[in-house]
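Protein chains in written order, with this note's numbering: chain A, 29 to 110; chain B, 29 to 110.
Keep in mind that the hints were calculated from the coordinates and are not lab data. There may be inaccurate statements among the hints.
Which copy is meant is left open, because identical chains are indistinguishable; a pair holds if it fits in one copy or across any two.
With a Cα cut of at most 25 Å, we get these calculated SDA-like pairs of lysine to any residue [said to hold, decoys possible]: (1) 33 / 106; (2) 107 / 56; (3) 31 / 46; (4) 31 / 48; (5) 79 / 102; (6) 107 / 34; (7) 107 / 43; (8) 31 / 59; (9) 79 / 40; (10) 33 / 70; (11) 107 / 69.
Number of protein chains: 2
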Amino acid sequence: MKKNKVTVEIYGESYAVKGDAEIEQIERVAALIDERMRRTARSNPRLSTTKIAVLTALNIADEFLRLEQDYRQLVQMLKEGK
Amino acid sequence: MKKNKVTVEIYGESYAVKGDAEIEQIERVAALIDERMRRTARSNPRLSTTKIAVLTALNIADEFLRLEQDYRQLVQMLKEGK
């Protein structure tokens, strides 16, 4: 599969991202991180950019693990329904 | 609901995290980010810590959006099965 490349701007910095994801998906994800970092910065105005980025990653990973748990429960429900 | 507070270490820095999440969940999420940042750093040894953190957030958000899509499809399947 050919790799896609795109340059995105996140929190004022450019990132050259390449990967298997579609360009639209990379741009959607970049916009999400940019928005989340700005939100984290507004709530914590004295934090460094690194800490803002780490806290943003923490929040998204928290949501990811919760969704993963819900997903597993749904899969279980589907299995039991059969 | 009372807020939980815990100090976690991520990529050599301490973070005082508070929130509604259980302490075990906060620690699990912090360990995930720490491990992912180290992995990103190994693949991109010349990046700044901020860029490592942003790329880590990007990767997790990418997985999150994909899982969310799968989750919605599963919910749809469950609805149609009724």
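Tested hints:
no.	hint	verdict
1	33 / 106	neither (38 Å within a copy, 37 Å between copies)
2	107 / 56	neither (32 Å within a copy, 28 Å between copies)
3	31 / 46	within (6 Å within a copy, 39 Å between copies)
4	31 / 48	within (5 Å within a copy, 40 Å between copies)
5	79 / 102	neither (35 Å within a copy, 35 Å between copies)
6	107 / 34	neither (40 Å within a copy, 37 Å between copies)
7	107 / 43	neither (42 Å within a copy, 40 Å between copies)
8	31 / 59	within (20 Å within a copy, 29 Å between copies)
9	79 / 40	both (15 Å within a copy, 12 Å between copies)
10	33 / 70	between (31 Å within a copy, 20 Å between copies)
11	107 / 69	neither (43 Å within a copy, 40 Å between copies)
Figure legend: structure checked against the earlier numbered hints; hints not met, in rising order: 1, 2, 5, 6, 7 and 11.
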